[in-house]
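Enquirer: One-letter residues, chain by chain:
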Amino acid sequence: MKTTFKSLAHKLFGDSVRAFGAVSLLFLISLAIAPAKNYFSEWRHYQHGYLKMIHNRSDAVTLQRHFQGGIHQIWLPDLGVVDRCTSCHVGLKEASLNDVSQQPFRKHPPIPHQIDQFGCTVCHRGQGVATTVVEAHSSTLAWEQPILPAKYIESSCGECHRGPLPGAPRLNEGRHLLSRSGCVHCHTVKLADGKILKATDNPPSLSHIADKTTREWVYGWLKDPQAYAATATMPNFKLSDDDARDMSAFLIANSTSLPGDTATVSAKASSDPAAGASLYGESFCSSCHAVQNAAGNLVGGDVGPELTRVGSKVKPEWLQAWLRNPRVYHAETAMPHYRLSDPEVATLSGFLLAKADSDLLANLHLEAATAEQIAHGKRLISDYGCASCHEIAGIKRPENFAPELSRIGSKPVTQLVFLPGMPRTLPEYIATKIKQPRAFGQGLKMPQYTFTGQQIDSLATALLASNDRSFTLPPALTVASKPDSDYQPAGKAGKLMTDLACFSCHRINGHGGDMAPDLTWEGSSVQRQWLVEFLKNPNTLRPALIRRMPRFNLTDGEVNEITDYMMTAYQNPSVDRDSMPLSGYPQGQVELGKQLFYGKYACQGCHIVDTRTDKGYIGPTLTKVGSRLTAAWIFQWMRNPQALRPGTTEPNRTMSEEDAQALTAFLISQKGGGKTEVAKK
Amino acid sequence: MIGRSPSILALFAAALAMSLAVGCSHKTPPATLLNPTAFGAAIVESSGGKQITQTGTTLPQPLIVQVNDGQGTAVPGALVEFSGAPGVTFEPAKGVTDSSGQVTTNVTLGGMAGRFRLIASSTDKTGKQFALTVDEIALGYEQTLGRQLNDQYCERCHNPESTVERVSNFDNLEIKPHPFTEGDTLNKLSDADLTAIISHGGPALNKSALMPAWGNTLSKSDIQALISYIRAISDPPNRSASPVYAKSYSKPPSD
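Chains as they are written, first to last, in the numbering used here: chain A, 15 to 695; chain B, 262 to 516.
Hints were generated in silico from the structure; no laboratory data involved. For each residue, glycine too, the CB sits at the ideal point set by N, CA and C. Treat each hint with caution, since some may be false.
[What the hints assert, rightly or not] Where chain B lies over chain A, by a calculated footprint (3+ residues, C-beta under 8 angstroms): (1) 366-375; (2) 394-401; (3) 461-471; (4) 602-616; (5) 662-671.
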C-alpha cells in the first residue's frame, strides 16, 4: 500500500514539470467545482424534468412560453418572505396541469389567496431562501423551521384570521376545544388582538359538594372520571389511591350545606318508569343531556353532563332540589328553571335515580378521614390546581397555573424536551404533549384527556396559529374576529330569561347558543298572541327536529312579562310590524301567491302549507303561519331572508315586490285550524 | 505537497460520512417481522373504502379488508401489506388476518387533494401476488369549503340517507334530486351547467323548480367550491377534476 502510494506520488510530483502539471490540473478541477455545483443543482435538475414532462403534452406550447429558467424568488418585505420555492415548483400557477400528480410539478390547488402576494412559507413554513430539497423542507442544523405537515396547514390561516373561518374546520374546532375543554382555565391563551380566550365549559363549584354526592363517588370520579361517564370533560389526573382518598376527604370535609338542598319534597321519589320516561321526553332533557342506550350508543346533546349513571352519583334530596330550581345550587348553570310541580319532581327524580350502575362503586369502602389526611388532601388540591377550574371554598384560584400558550406556535425546538424516538418538530411535540402529557417527565401535573386523534390535530392546529407572526403582522393584513357579545336582557323580563336559561339555546344580539332560532328580531317577526300561546305550550314548528322548546310551566304573569319585553326590545328597524295588515288581502292576490308558492318558487319542497299534499321537511311548517308571523316580516323575509337572519338556509330569490306581496297575502291567509278540519270531514 | 493528500482524503471521508448520515436519517425503523401461517386467493374490502377526509388527515373509519380462499371463505393468518402513493401512511402497514380473516388499518392520506388509490396485497401458496385497490378521497381547501356549504344548504335534499340529527327531505320531493355521488349523471354536466343550475335554479336547464336559485345567497366562489366538492366525491370518478395518486406514480423524477 505504502509503496504504491509512494510510486504514485513519484509519478505525479517526481520532477518540477510533472508537479506543475499535476498541480495545475488540481487547480483547474477545484476552480470547476463552483460552476459544476451550480450546473448540477437540484433546482436545475427539476426544471429539466419539468420541460421533459410538458414536452409531449397538448398544452406544451403555452406551458413552454410560461416557463422561465433560473432561480425564482417571491420577495415580500411586509411579511418577511423570501421564497424561492417556485424555482423547483414550476407549475404552481398552471391551471392546465390539473391532472399532474407528480411533485414538484403539481399546480397549486385553488385557495382564496394569490401566491405572488403571500408567498409559500407563510402557509407551509419551511425555509423559503433555501434552494435544495432537504434544506427547504426539513429541519437541519442551520434551519429550524421544517415544512408544516398538511394536517396542520389551517394553523397558518389562523395567523391572520382571528375568528372562525369557513373552509378551515380544523382551526375552528381547535379554538372551540381550547375553550370547551377547559384548557384555558390553566393556560392563558391571549390572541393577537388582545382578546383572552375564555373557557366555556362552566365547571361546577365544589363548595357544597357534600350536598350533591357521596365521598365514595368523589373518590371514584377523581380516580377515573370516564369510568362514570365516557363523555366527561374532566380529565384523568392519574391519582394514587391514597391521594384520591385524601382529596375526596378534604372536599367533603370542606363542603358547607346550602339551605334548599336537604329539604325533602312532599312527594317521595316515585318509581313509575313510564311516567318518568315520558316526562323526561316532554321536557326535552335529551336536547342537552345524553344517555347511553341499550346498544351502547349515546343519545342526546352535550350541553349538560351525561346522565347514564346519574343515579350512582347524586343524592336523592339534592336531585329533587336541583330539579325544582337548579339556580339555587349553581347560579350560572345552563339548565333552565323548569318550574316543575312536586309530583313532577318526584316522578323525574325517581326516573333519573334508577339510572344507576351497581358496579361503579362496588367494593369501595373508605374509612373515616383523619385530620392529617384532610390536610394532605387540601395540599394536593392546591398542588393540582383544582381551583383553576372549580370554585372551592377556602382555596384561592391560582393565577397562571400552567405555562402561557399565547406564542406556543413559535417556540424554538431547542427549548423543547422530546420523548426518545419522536420526530423533533414543534407540531409533533404539541400533539404528543396533549396525547400523553405525563410521558414527558416525573411529577408533571397536566392531566390525561380523552381527545380523539382528530381533536388532538385540531388543538395542535389552533395552538400553532398562536405564534410570533400572528402578533407582529401589520394590522392591515389581519382579519379581526367578531367581538364577543355579553348581551344581557334587562329588568324583570331579563331576570326571567336568565332563570329560564334562554341563552343556552337561543342567540340574541350575538350572545347565546345555536341550538334554537336567533331571537334578535323576534318582536318584529311574530304576532303577540302567538308568542303568548307558544310560551305557555310550545308546539312543533319543524317536523324533522328532535330538539324542541320545552314547556316551562310559566304563570300568565311571567308569560306576559317576557312577551311584552320581546315585542318591544327585539324589533328590527327595517320591519315595521304594523305597516301591513294581517288579513283582508284581495282573493286574486292570495290566488296569485298560491300559484307562486307551488309553481315559480316551489316552496313546497321545504315547507308544508297543506298537510294533504305538501311534505317539505326543511323549513318550518306553515299551516298556521298566518297566526304566527307578522305580514311585514313575511314580506321582508321574501325580499331578503339573509338581511334579517344572516346565515339562514332559505335562499334569497330576489323577488319582485309584486311577487313578495302576493306570497305574503297567501301565507298570511293560512290561519290554521278551520281549513284542515273542513278537509278531514 | 504530500501533506495535501491526507487533507483531500479527510475531505472525502467527511463527505462519505455525511452522505451516510443523511442516508441513515431517512431509513425507517425495521418493521416487526410478521409471518403468515396461511395463504388466501383474493382480498375483498369489508369496509372503509371511498371515505372522505381533508388532506393529510386520518380517515374517519379504519380500512378493513378480508382475505378469502378460492371458495370465498375467510382465511385467518394470511399476511396483508398496504401501500399507496407517497405521503399515505398506514397504521399498521402490514398485518396478519385475524380469526375472521380480516386486517384493520388506520389510513392517513397525503397532503394533496385528489383521489388516493390504496393497495392491499397478499400472496398465495405459490408466492404469486394478488391485490385489492381501494379509493379514498382527500379534500383540499376549496372542496372542504364546498363540503361545509353542502352540509348547510344542499345535503338535506340531495342526500337520501337520514341520520338521527338530520332527517333527509329526499323522499318528500316529487321529483328526486341527484345525489352528488351520482357520477354517471353529474359527470356529463359541465361546470357551466352546474353553475347555471345552482345560480338560477332547476328551470335554468329545464329541470325541476324544486331546485331553487342560490345565486343571490351563495357567492360565485361559494358555488365554485360546491362544484369542486361535487366533482371530488363523484362516483364513478370525474376524471378531469382531480388527480389520482397511485403507487405507480410514486417514483420521483430523479430516479
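Enquirer: Could you work out which of the previously given hints the structure breaks and list their numbers from low to high?
Expert: 1 and 2
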